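Enquirer: Next come the chains, spelled out residue by residue.
2 protein chains.
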Amino acid sequence: MTAETVAVGTEILLGDIVDTNSAELGKVLAEFGVLHLHRQTVGDNWKRLADALKTALSRSDIVFTIGGLGPTQDDVTRDGISSALRDQLIHDPLIEEAIREKLESRRIPWVESQARQAMRPASAEVIANPNGTAPGLICRKDGKVVVAMPGPRLEFLPMLLGPVSDYLRSVSDGVIYSTTVKIVGMGESIVENKIKELMEGEDPTVAPYAKTGEVHLRVTSRAASKEDAEEKVSPVVAQIKSRLGEVVYGFDDDTLESAVLAVLRGRSETLAVAESCTGGGLGERITSVPGSSDVFLGGVVSYSNALKVSMLGVSEKTIAEHGAVSEECAREMAEGIIEKSGATWGVSVTGVAGPDGGTVEKPVGLVFTAVSGTGGTTIERNVFPGTREAIRERSVKWALLQLRKRTLAE
Amino acid sequence: MTAETVAVGTEILLGDIVDTNSAELGKVLAEFGVLHLHRQTVGDNWKRLADALKTALSRSDIVFTIGGLGPTQDDVTRDGISSALRDQLIHDPLIEEAIREKLESRRIPWVESQARQAMRPASAEVIANPNGTAPGLICRKDGKVVVAMPGPRLEFLPMLLGPVSDYLRSVSDGVIYSTTVKIVGMGESIVENKIKELMEGEDPTVAPYAKTGEVHLRVTSRAASKEDAEEKVSPVVAQIKSRLGEVVYGFDDDTLESAVLAVLRGRSETLAVAESCTGGGLGERITSVPGSSDVFLGGVVSYSNALKVSMLGVSEKTIAEHGAVSEECAREMAEGIIEKSGATWGVSVTGVAGPDGGTVEKPVGLVFTAVSGTGGTTIERNVFPGTREAIRERSVKWALLQLRKRTLAE
Chain W
0 MTAETVAVGT
10 EILLGDIVDT
20 NSAELGKVLA
30 EFGVLHLHRQ
40 TVGDNWKRLA
50 DALKTALSRS
60 DIVFTIGGLG
70 PTQDDVTRDG
80 ISSALRDQLI
90 HDPLIEEAIR
100 EKLESRRIPW
110 VESQARQAMR
120 PASAEVIANP
130 NGTAPGLICR
140 KDGKVVVAMP
150 GPRLEFLPML
160 LGPVSDYLRS
170 VSDGVIYSTT
180 VKIVGMGESI
190 VENKIKELME
200 GEDPTVAPYA
210 KTGEVHLRVT
220 SRAASKEDAE
230 EKVSPVVAQI
240 KSRLGEVVYG
250 FDDDTLESAV
260 LAVLRGRSET
270 LAVAESCTGG
280 GLGERITSVP
290 GSSDVFLGGV
300 VSYSNALKVS
310 MLGVSEKTIA
320 EHGAVSEECA
330 REMAEGIIEK
340 SGATWGVSVT
350 GVAGPDGGTV
360 EKPVGLVFTA
370 VSGTGGTTIE
380 RNVFPGTREA
390 IRERSVKWAL
400 LQLRKRTLAE
Chain B
0 MTAETVAVGT
10 EILLGDIVDT
20 NSAELGKVLA
30 EFGVLHLHRQ
40 TVGDNWKRLA
50 DALKTALSRS
60 DIVFTIGGLG
70 PTQDDVTRDG
80 ISSALRDQLI
90 HDPLIEEAIR
100 EKLESRRIPW
110 VESQARQAMR
120 PASAEVIANP
130 NGTAPGLICR
140 KDGKVVVAMP
150 GPRLEFLPML
160 LGPVSDYLRS
170 VSDGVIYSTT
180 VKIVGMGESI
190 VENKIKELME
200 GEDPTVAPYA
210 KTGEVHLRVT
220 SRAASKEDAE
230 EKVSPVVAQI
240 KSRLGEVVYG
250 FDDDTLESAV
260 LAVLRGRSET
270 LAVAESCTGG
280 GLGERITSVP
290 GSSDVFLGGV
300 VSYSNALKVS
310 MLGVSEKTIA
320 EHGAVSEECA
330 REMAEGIIEK
340 SGATWGVSVT
350 GVAGPDGGTV
360 EKPVGLVFTA
370 VSGTGGTTIE
380 RNVFPGTREA
390 IRERSVKWAL
400 LQLRKRTLAE
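Those protein sequence lines, which keep their order, are chains W and B. For reference, each letter of the first sequence is one residue, going 0 to 409 in numbering that gives the first Met the number 0. For reference, each letter of the second sequence is one residue, going 0 to 409 in numbering that gives the first Met the number 0.
Hint data in this document are derived by calculation from the structure and do not stem from the laboratory. Among the clues, some could well be false.
Intra- or inter-copy, both count: the list cannot distinguish identical chains.
[As the list claims (entries may be wrong)] No more than 27 Å apart at the CA atoms, straight line, and that leaves these computed lysine-lysine pairs for DSS-like: (1) K240 to K316; (2) K53 to K195; (3) K210 to K26; (4) K231 to K53; (5) K46 to K210; (6) K101 to K396; (7) K193 to K316; (8) K46 to K195; (9) K316 to K195; (10) K140 to K361; (11) K225 to K240; (12) K231 to K26; (13) K240 to K26; (14) K101 to K361; (15) K193 to K53; (16) K404 to K53; (17) K396 to K361; (18) K26 to K361; (19) K53 to K240; (20) K361 to K193; (21) K210 to K53; (22) K316 to K225; (23) K225 to K361.
Fair warning: this is a prediction, and the values are worked out from it, not measured in the lab.
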């Protein structure tokens, strides 16, 4: 079975928002073994939307629309589907009632434009939306299917993972099973060279994806059941692992941070951080992992020099002589957070994130990370290219990578 | 002039990566007044890519491809362009030389598969890529133009903002000028109702976009020069501001965090944070603003209860009697970070981010934020729906919103 996504929204084309919804839908389709071969994006224009839907219906078994179901004049998805399926729009009093109840319970006044949300193609089945006013729709006409979902992420995601997944379960046959092998610290070409003939296999397939500082290998097989597919995938994953060694840090949903936390958890060790240029980003990344609290104690965001001194015990002399962005300051930050928190490991980051504040000696992108533990303190210096955002992101990843190296070595 | 984007990569369709590149390209096209009416995404399949390119070339003046220029067998963009434009691939010795030099300087061995990256359509002009091995390409054949850029973000973005922007400047006519009015604390329907007839205008157009907790209104005009367009946009923006009042927090690149920082900067006040469930995310968000260091002193990520006590002075009794997720604890965290840092304002967040750890009394999503300043300490309680990620994101936004309210009131 093939599926296609049509995302609707001028704001997507203008780059005002990043379309994460289509990616979430892609993941769900892959789970159900539905081939997702095309995505299209059009603006809030019913004619272009209707054309996109016709193209999609001509080549795909199920078409998913995302967005354009709101109450405003710009929300044209209902009209576009009606036109592409030649299925007239009708007013559904049950939808209107549900919307009125929802608004009332939140003490929001009824606005006449809300009535647009109560329209639907005559053939459509309604999907309740407990998180917003616009319901989803499953439209079936002449053997064609269009499933419409709202765009706001907090409405879209529960609908996708709940009723739309139930629908997919009821119509899909077979599964795609895949395992992603995650690699850090080895370039894509070298990885590919080491597993060349595995990549030439047709079942399972092995496909590489380069991420910032990482390479992911997706090993995929298609079969009648998950078990059959798994049986083909597992030996190839084992081969990859044995050829690449410790640069493989994890699989599937593992992240560098979850992998590091798992190692520390296994040893009953704890972690605390001292951040300057990343401003809390390292802690944020670590605590994005559910259950991180049994390893991660917390940290200090010592953005000002005064806080570096008062909360981490960095010496004023060090800052005066070497500056806050220095090997010496990174060392004292990492050692200071251990002192203050009692953690087994202390990790620090200090650098020049830019765009201003760079000098010839200390350019924008210069970052020091220190890892302190029972085996002493190690410090790494790096100069990252790119924007403030990129430098901060790379600094967080780099700090995690240094911590991983230390934990592997000890 | 119209443009269309074709993003290439099975990993995008599978949802393994979110396509931020197409959004960045969309922003640049809007700046140059190029109408971006369609986006397509296809996998690493040269036939479907060639079909997508043919469709795009039939309706758009310029087609941009993103991705698929790497050295592996999966990288089919060169082949797809060659097929769609009927322009044969040739080996370019200058590209190969540049790749060899780059690899050598990084001490990476030459792998034969790299030679794929030295192939290009015969008509193509090469765009140097200082951040990676694959060059970009501007292919012109029979009045059609395809611009190919590499997919890795840190290669794509500099090429887009540098040479590709230069190219667009040389070919575009007229400009689109737009101002985005950013609103927090008022729902989309109510906003629309208050500015209804402004939204019915054709030049400038006013389009609403709902974001998590925010509404953005994009006011857009198209004209021969930026000045002419600006003259049409400004009065409408002024009207919107006067009708909506203080729910308008900023414009264009302003973010809630940059708006709050600007207010504090204007008063020479400082800010520090005390975070639990957000793990550093609030500090990260605040320090994403360049120049935040003159207002933001830093903070404590008190993930463990022990750190709440030792680093923020939260009383053990408070935690024992009310728990770490409580109004009382939020208050002591916010007041404690002022005490420790000397900041004018202290903001704290403590909550249950889930997915585990919820109880009937304190469910997943329960979050307390406190804002402490010279006018005292105010605390808000909220229960956010959604995933761990959504709860943490909403908590950060909510904390900033509370701080903004306090600064407006005082």
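Enquirer: It remains to establish, for every hint, whether it holds in the given structure.
Expert: Status of each hint after checking the structure:
1. Taking identical chains as interchangeable, the C-alpha atoms of K240 and K316 are never at most 27 Å apart, the minima being 48 Å within one chain and 50 Å between chains.
2. In this assembly of identical chains, the alpha carbons of K53 and K195 never lie at most 27 Å apart, being 41 Å within a copy and 32 Å across copies at closest.
3. In this assembly of identical chains, the alpha carbons of K210 and K26 lie at most 27 Å apart whether taken from the same copy (17 Å) or from different copies (23 Å).
4. Within a single copy, K231 and K53 get their C-alpha atoms no closer than 38 Å, and across copies no closer than 37 Å, so neither meets the 27 Å cut-off.
5. In this assembly of identical chains, the alpha carbons of K46 and K210 lie at most 27 Å apart only when taken from different copies (25 Å versus 37 Å within one copy).
6. Proximity of K101 and K396 under a CA criterion of 27 Å is satisfied inter-copy only: 24 Å between copies versus 43 Å inside one chain copy.
7. With identical chains, the CA atoms of K193 and K316 are never at most 27 Å apart, being 50 Å at best within one copy and 59 Å at best between copies.
8. In the homo-oligomer, the alpha carbons of K46 and K195 lie at most 27 Å apart only across protomers (24 Å), although the nearest pairing inside one protomer, at 47 Å, exceeds that limit.
9. For the homomeric pair K316 and K195, neither the shortest alpha-carbon distance inside one copy (54 Å) nor that between copies (62 Å) is at most 27 Å.
10. For the homomeric pair K140 and K361, neither the shortest alpha-carbon distance inside one copy (65 Å) nor that between copies (47 Å) is at most 27 Å.
11. When the C-alpha separation of K225 and K240 is checked against a cutoff of 27 Å, the pair qualifies only within one copy, where the shortest distance is 22 Å, while the shortest distance between copies is 56 Å.
12. With identical chains, the CA atoms of K231 and K26 are at most 27 Å apart within one copy only, with a shortest distance of 21 Å there and 44 Å across copies.
13. When the C-alpha separation of K240 and K26 is checked against a cutoff of 27 Å, the pair qualifies only within one copy, where the shortest distance is 24 Å, while the shortest distance between copies is 41 Å.
14. In this homomeric assembly, K101 and K361 come within 27 Å of each other (Cα to Cα) only across copies, at 25 Å, whereas the closest approach inside a single copy is 56 Å.
15. Taking the shortest Cα distances, K193 and K53 never come within 27 Å of each other, neither inside one copy (45 Å) nor across copies (36 Å).
16. Within a single copy, K404 and K53 get their C-alpha atoms no closer than 53 Å, and across copies no closer than 48 Å, so neither meets the 27 Å cut-off.
17. In the homo-oligomer, the alpha carbons of K396 and K361 lie at most 27 Å apart inside one protomer (21 Å), although the nearest pairing across protomers, at 33 Å, exceeds that limit.
18. With identical chains, the CA atoms of K26 and K361 are never at most 27 Å apart, being 42 Å at best within one copy and 32 Å at best between copies.
19. When the C-alpha separation of K53 and K240 is checked against a cutoff of 27 Å, the pair qualifies neither within a copy, at 45 Å, nor between copies, at 41 Å.
20. In this assembly of identical chains, K361 and K193 lie within 27 Å of each other by CA distance neither inside one copy nor across copies; the values are 38 Å within and 51 Å between.
21. Taking the shortest alpha-carbon separations for K210 and K53, neither the intra-copy value of 35 Å nor the inter-copy value of 29 Å comes in at or below 27 Å.
22. Taking CA atoms no more than 27 Å apart as the test, K316 paired with K225 passes in neither setting, with 62 Å inside one copy and 52 Å between copies.
23. Taking the closest pair of Cα atoms, K225 and K361 never come within 27 Å of each other, the shortest separation being 54 Å inside a single copy and 38 Å across copies.
Of the numbered hints given earlier, the model fails hints 1, 2, 4, 7, 9, 10, 15, 16, 18, 19, 20, 21, 22 and 23; all others are met.
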